[in-house]
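S.K.: The whole structure should be built from the sequences, with the hints applied where relevant.
There are 2 protein chains.
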Amino acid sequence: MKMEKIKTTIGKIETLDKDAMEKAKKRQDFLTKPRESLGVLEDLSIKVAGITGNPMPEIKDKVVITMAADHGVVEEGVSAYPQEVTPQMVYNFLRGSAGINVLARHIGARVVVVDMGVATDIDNSEIVNKKVAYGTKNIVKEPAMARDEGIRSIETGIEVFENLSCVGIVGIGDMGIGNTTPSSAITAAITSKSVGEVTGRGTGIDDERYENKVRVIEKSLEVNNPDPKDPIDVLAKVGGFEIGGMAGVALAAAANRIPVVIDGFISGAAALIAYELEPKMKDFMFASHCSVESGHKVILDHIGLEPLLDLNLRLGEGTGAALGINLIDAGCKILTEMATFESAGVSEKSENQ
Amino acid sequence: MKMEKIKTTIGKIETLDKDAMEKAKKRQDFLTKPRESLGVLEDLSIKVAGITGNPMPEIKDKVVITMAADHGVVEEGVSAYPQEVTPQMVYNFLRGSAGINVLARHIGARVVVVDMGVATDIDNSEIVNKKVAYGTKNIVKEPAMARDEGIRSIETGIEVFENLSCVGIVGIGDMGIGNTTPSSAITAAITSKSVGEVTGRGTGIDDERYENKVRVIEKSLEVNNPDPKDPIDVLAKVGGFEIGGMAGVALAAAANRIPVVIDGFISGAAALIAYELEPKMKDFMFASHCSVESGHKVILDHIGLEPLLDLNLRLGEGTGAALGINLIDAGCKILTEMATFESAGVSEKSENQ
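Those protein sequences? They're chains P and L, same order as listed.
Under the numbering used here, think of the first position of the first sequence as 1, with each following residue one higher.
Under the numbering used here, think of the first position of the second sequence as 1, with each following residue one higher.
Don't take every hint at face value.
Since copy identity is lost for identical chains, a pair holds within one copy or between any two.
Here are the computed lysine to aspartate or glutamate pairs in the DMTMM-like style, where the Cα-Cα straight-line distance is at most 25 Å [stated by the list, open to error]:
id	residue 1	residue 2
1	Lys25	Asp230
2	Lys297	Asp310
3	Lys229	Glu22
4	Lys349	Glu84
5	Lys26	Glu342
6	Lys349	Asp206
7	Lys141	Asp233
8	Lys297	Asp227
9	Lys60	Asp283
10	Lys26	Glu306
11	Lys229	Glu36
12	Lys25	Asp233
13	Lys26	Glu84
14	Lys333	Asp283
15	Lys141	Asp310
16	Lys18	Asp227
17	Lys349	Glu75
18	Lys333	Asp310
19	Lys333	Asp61
20	Lys349	Asp121
21	Lys229	Glu4
22	Lys282	Asp310
23	Lys137	Glu58
24	Lys229	Asp148
25	Lys297	Asp43
26	Lys349	Glu211
27	Lys25	Glu36
28	Lys297	Asp230
29	Lys26	Asp206
No wet-lab data here; the hints were simulated from the structure.
M.R.: What follows is the structure, encoded as structure tokens:
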């Protein structure tokens, strides 16, 4: 299968707009505060200026895209929850009653819920139905999906983004029982870290299940032998449809100069796939938080992103991304709404400083 | 001078409502997410339940109280900015153009600006004029203020809080050129840390001025010899009017079971005074962030509070407190707005977990 859409999208990803960043930095320095005294908030606004090309960026039209899919590997007992929870939570999202709905309302974002590969049909007109298949295969026994399904999952993510109107910033979130397992497998495959280093307890498993989970991931890598230099091979062999989808959303957003906000470990694995496909992606992504899942930090270090928050989050869905978007919004408001020393008639720092 | 109002206020401070906290914790555990998967956000909601006595607390009526005052010690060259910046920034607050105004709008809070002791008169009807004096004395030469002025500054803060209608949560912020110097002096006096350990570069001073600042603070402690066991003595001898005022606001809020959100180093010094007056204050306060100023972490460790954010902020005004309030609000919304497993028809964790 060809991957024209992926190539075209990557081809559109440019570098940051240095001129807009310089203008934003200069303005931050003339606002009525000691220079750099709003620390990371200032940096966020400057990065958004670089991404959007607008030296006075406003964060409007916030969107969190929450992608759901199932994972054949759950039959190995890697999760604390049964697979039926994936569609149940999707319905919960569509009713507006889940964690991501609450936090999206809190920050003034809309939530777009996408079925990328849930094992059952979602009977609801609000769902964006982009099912690539009814869940992945069990990666202990065979590849999660065919290579063309890996490509299709990314290209579907690109389409999902392109079909949205009015997006000023996008958070990527996930739902899928068992999906920390493929995320750990992807992270181990690409970063060459040991499985133990990149595997956590997901939704909360005991020691025995944790040891089993590590063995399952190790076996999935032995059985499938993904090529670390080929992110689509890694995605297809040990990944998931929501992970491919989120990678596609991230690529499409960057191609359109829209900031991408990573949520937790699973969306981090998607960011890692996107980054391996195109290293310029680093400049278009923000790491909202550092998850309890140990593999998440490994991913962020690999890409070279500093997380904004450290609140022991491990829910996924885009919840951390929502909080991250809120801080980015705050940083941009500082840049655009604060008075300058001149406009406010405030004295600047003494000259002998 | 008596300190009846302080004593009465402290007498009203109770313990956390354990029953409300247990109910909030139980509800968090039945919401449609793995237990504790929203980490600190969940803890925030449980603490607010304990403070307010409401197991389903909503954060309404957010207020940031920004208190301004001047400091005689600026004549020792401890700050990078001239003293005239204090009233200039107060006018900037009153026009709604400063950092705190932007972030307060961002979180839906109102800002109450109080003149606790600016060296000039503030000619604006919006100011809450509670001037105790026209700035403190130079602490290198004499006490910052008389003991009765220290008491009056705290009692004034109590009054400011009590005169507000509709406060659901309060952030305490500061403005005062030179006020990291008294904050370091207070911190060193109370925690017995060396001046070097608790002194930073404030609004941004070079090495030479930094060394001078450390010497100034050391000398202020030698000259005035504050009694570390008597927080009012410490406040009066090396503190400031805005610091006493914020301590009073914190005490009054706790007495009324309203959560208090500490901003940076200067409001941290106020929190330290309040905590030394009544250790139960710890339970009513949240540390919004950890400032770049090294003394701030010393204060938070001394009280035993974990900061929510670490964004290299060092502006003050209540800016970090605003961001902290926003996270506390998010945590409470999670508690009150999310569906439970039962109401959403979502399966719980497998029983053998």
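S.K.: Please work out whether the CA atoms of Lys60 and Asp283 approach to 25 Å or closer within one copy, between two copies, in both situations, or in neither?
M.R.: Answer is within: at 20 Å inside a copy they meet the 25 Å cutoff, but 37 Å across does not.
S.K.: Are the CA atoms of Lys349 and Asp121 at most 25 Å apart within a copy, between copies, both, or neither?
M.R.: Answer is between; shortest inter-copy Cα gap is 22 Å, intra-copy 63 Å.
S.K.: Which holds for Lys297 with Asp43 at a C-alpha limit of 25 Å: within a copy, between copies, both or neither?
M.R.: both (21 Å within a copy, 23 Å between copies)
S.K.: If the cutoff is 25 Å on CA atoms, where do Lys26 and Asp206 land: within, between, both or neither? Let me know, please.
M.R.: between (52 Å within a copy, 21 Å between copies)
S.K.: When Cα atoms must be at most 25 Å apart, do Lys333 and Asp283 count as within-copy, between-copy, both, or neither?
M.R.: Classified as within: same-chain Cα gap 21 Å, cross-chain 32 Å, threshold 25 Å.
S.K.: With identical chains, the pair Lys141 and Asp233 could be close in the same copy or across copies; at 25 Å between alpha carbons, which is it: within, between, both, or neither?
M.R.: within (16 Å within a copy, 73 Å between copies)
S.K.: How do Lys282 and Asp310 come out at 25 Å by Cα distance, when the copy is not named: within, between, both, or neither?
M.R.: Answer is both: 20 Å inside a copy and 22 Å across each meet the 25 Å cutoff.
S.K.: One pair to classify: Lys229 and Glu4, alpha carbons no more than 25 Å apart. Within, between, both, or neither?
M.R.: So Lys229 and Glu4 pass the 25 Å test inside one copy only (19 Å; across, 73 Å).
S.K.: Is the C-alpha distance from Lys297 to Asp230 at most 25 Å within one copy, between copies, in both cases, or in neither?
M.R.: Within one copy only: 22 Å inside a chain, 45 Å across chains, cut-off 25 Å.
S.K.: Between Lys349 and Glu84, at a C-alpha cutoff of 25 Å, which is it: within one copy, between copies, both, or neither?
M.R.: Between copies only: 11 Å across, 61 Å inside.
S.K.: At most 25 Å between C-alpha atoms: does Lys25 with Asp230 qualify within a copy, between copies, both, or neither?
M.R.: Neither: 37 Å inside a chain and 45 Å across chains, both beyond 25 Å.
S.K.: Within, between, both or neither: how does the pair Lys349, Glu211 come out at a Cα-Cα threshold of 25 Å?
M.R.: between (58 Å within a copy, 19 Å between copies)
Of the numbered hints listed earlier, those contradicted by the structure are 1, 3, 11, 12, 15, 16, 23.
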